[in-house]
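> The primary structure of each chain is shown beneath.
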Amino acid sequence: MSAHAATDAAAGSRVQAKVPPGPIEQKWGRHKFDLKLVNPANRRRHTILFVGTGLAGAAGAASLGELGFNVKCFTYNDSARRAHSIAAQGGINAAKNYRNDGDSVWRLFYDTVKGGDFRSREANVYRLAELSVRIIDQCVAQGVPFAREYGGLLDTRSFGGAQLSRTFYARGQTGQQLLLGAYQALQRQVAAGTVSVETHTEMLDLIVLDGRARGVVTRDLRTGQIESHLGDVVVLCTGGYGNVFYLSTNAKNCNATAIWRAHKRGAFFGNPCYTQIHPTCIPVSGEYQSKLTLMSESLRNDGRVWVPKRKGDTRSPNEIPEDERDYYLERKYPSFGNLAPRDIASRAAKEVCDEGRGVGSTGLGVYLDFRDSIQRLGQQVIGERYGNLFEMYERITGENGYKVPMRIFPAVHYVMGGLWVGYDLESTIPGLFVGGEANFSDHGANRLGASALMQGLADGYFILPATVPDYLARTKLDKLPSDHPEVRRVESEVRDRIARLLAVKGKRTVDSFHRELGVLMWNYCGMARNEAGLTAALEKIPALREEFWRNVLVVDGSDTVNQSLEKAGRVADFLELAELICIDALHRRESCGGHFREESQTEDHEAKRDDQNFCYAGAWEHTGDLGNPALHREPLVFENIALSERSYK
Amino acid sequence: MNITLKVWRQRNAQDPGHFETYQATNVSHEMSFLEMLDVVNEGLILGGKDPIVFEHDCREGICGSCGFVINGRPHGPWPGTTVCQLHMRAFKDGDHLILEPWRAAAFPIVKDLMVDRSAFDRIIQAGGYLDAPTGAAQDANAILVPKERAELAFEAAACIGCGACVAACPNAAAMLFTSAKISHLGLLPQGQPRRSHRALGMVAQMDAEGFGGCTNHGECEGACPKQIRMHFIARMNRDLVTASLWRPKLEGALHTLAEI
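Chains X and G, in that order, are what the protein sequence lines are.
Just so we're aligned: 161 in our numbering is position 161 of the first sequence, and the numbers increase by one with no gaps anywhere.
Just so we're aligned: 150 in our numbering is position 150 of the second sequence, and the numbers increase by one with no gaps anywhere.
None of these hints come from the bench; they were simulated from the model.
Take the hints with a grain of salt, since some may be wrong.
[Claimed, not checked] Part of the chain G face toward chain X, derived, beta carbon under 10 angstroms:
hint, residue
1, Arg-122
2, Ile-124
3, Cys-159
Quantities reported herein were computed from a predicted structural model and do not represent experimental measurements.
Don't be surprised by glycine CBs; every beta carbon is placed ideally from N, CA and C.
Please work from the sequences and hints to get the whole structure.
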């Protein structure tokens, strides 16, 4: 083992998931009865701080505002409506069984546990499947314009990792419509006076007092003002950290700062190495590239994925005859075909490209071909289903996807890792709750398509509004004066850090460091990982971080809009988080879901789990030494679904 | 290719502002417009100058953060496209481009190409939602919405709140934005209760924010990156007129009946 060997924390684990007892179907219902309530008259005396206004944050804040709590929200965007949940395209799963195709809560539960490669907590996944049904009801009541059949009933479609049709959608803009529903519910509470939303306000640190989360320190991105906000409980719904790879499908401002600051204040980080590489993105075109664009997985319903059988075949795709094409997903996974789950489809694409059969000028691409479905259904039907995606593809690449096959390649899309939380979504810091992609979530080692929206809204509409009041009812909190020495201390640490970033006055821009970090992470901790690569990354990352603090050039001025300074703080945190991701990836000497260790694969190159040694969630504690975090293990017990090899063949 | 950029620079709302000229060199056709600006900004930073401030986030044309005027056209020359999705294929070597922020009294300039669009949030707060408290919903399929009606509601709901309609309008009206939300909700069966309240409240707020009135130029429709159409404004006006003439009396009468 390297110098970065995982240090095991002492026995008497501090990661107690607090899963309620009883049969899995009854856990949540009984637990809700056990959760304590706050009297309606007392609710407005409690202040709840929400950071982030995406699906989980907006839904949670609106719901707790409706209950009568005093809620304060913070977003770095200029409006709560802009959070990156808005970019989710394909749809949202729900076990409604409106199609009579054999769906049930139990089957969604099973698909999600299997899809996550048996690295998630059964009780959480069951609850998610159970609540999925009510989410659709809630969204329709809010006026979300889901796709409909002619008779007026809701339409559904299929998604990866499932053999039935349970995905509800609003063209290719499902995330937008769901987020606007939650945003409107939030604005309704703003009008009612229960919720306030501070826009252009970024959380830069967490205030912990007597072991409990009591507030956040923020920076106003317009004026640079540093301010503390105190409350009774803090809820982080700040999304994922995929931008640690620089190029990802995340929005440009997505960052890890809120959860990373909380981690350094005591919140354990769960499974940081579980990252999802999405198979259907538009390939990279040049060095200046600022982000990658996802093409919804729903395209795989009607598009067929292939590469030429012959290496270095440079003919245009339409000239390659049928028998010289390799529809490799259909060949390798006949029962799921083009709808194989994301981690598997991505690795299969990498494999054919590594063999030299990739397409496009870089050789890093595969075809997604609609020829057959256009012949079968007509261009009009395909246009109705995916028109906006074809338009987007053409705007970016200049090619018409109806006429020539689209070129796609995997890209970083989502992180299953995040702050570790128990069943109640409470982190290891009492009073700090975490929802949506920011927590280490219910998706295990791989998330199935159309499940992120489901999880964000389950957390926001139904789980946090039950568990946060319970914390408030159980906990006696003293009123905290805003000039408390601890509050002042955290504020001054935030100011010092900004001053340090501005003082470096080096020679390299923030973006140039971010790009270098991204390349490093993609090469050593991307779709395939191995001991030598991860060990190398763990030498390079601290060196890059050291250079950053010595040589970064941040534009002057902390009292006005300074996007260079905003980015600098975020990249400084990514440079620390990247090291933890690699430490986690190195320690987990098995393959599971999105985490593929080359040392651990089956004969036909599928991920090979090691349940004997790694059937646990890894929760990392910050020890003050970035290179030596302490590992806590939460054992994963499968009582309802037997641990088995995950096969889509 | 090489492009000359004339960019509006303004330190804050009080600063009178001015144009500055920059050269974008070796621009690739494959680049997005914002990637071209990223490269210009990297050069400015390395030269010790203030980079150009513009808002952006998803760069997929859906979050609505980005937007400025290029040669007089909000979001630039491509129809139905936000500036983040605009690619340099749209231009040729030697082009001169003038970049300006949205200009409207209700959108004060924050810095350079970034404006304050919080007025849009306040219009939504004035009624742009349904009263659907969490947990109170019935089964989703209990509400039937004919496909055509759902599609029309979706077309209105596609608005990303970017503000291009306001920037394009000679009166700086926000009627396309406001009418899109009023129409989205008013077209659905769930949106019928309080339909009049919604129209009255949102239009009053729109006026209070200092947006102008519609005089049927149709510039908003041409500039909208989601191609939302003007007939929604007619729909809003119909709701407003109906509400102003009849609904208060009607609702008043119903209340009285209920009390009896």
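> For every hint, state whether the structure bears it out.
A quick look at each hint next to the structure:
no., hint, verdict
1, Arg-122, "holds, 9 angstroms"
2, Ile-124, "holds, 5 angstroms"
3, Cys-159, "holds, 9 angstroms"
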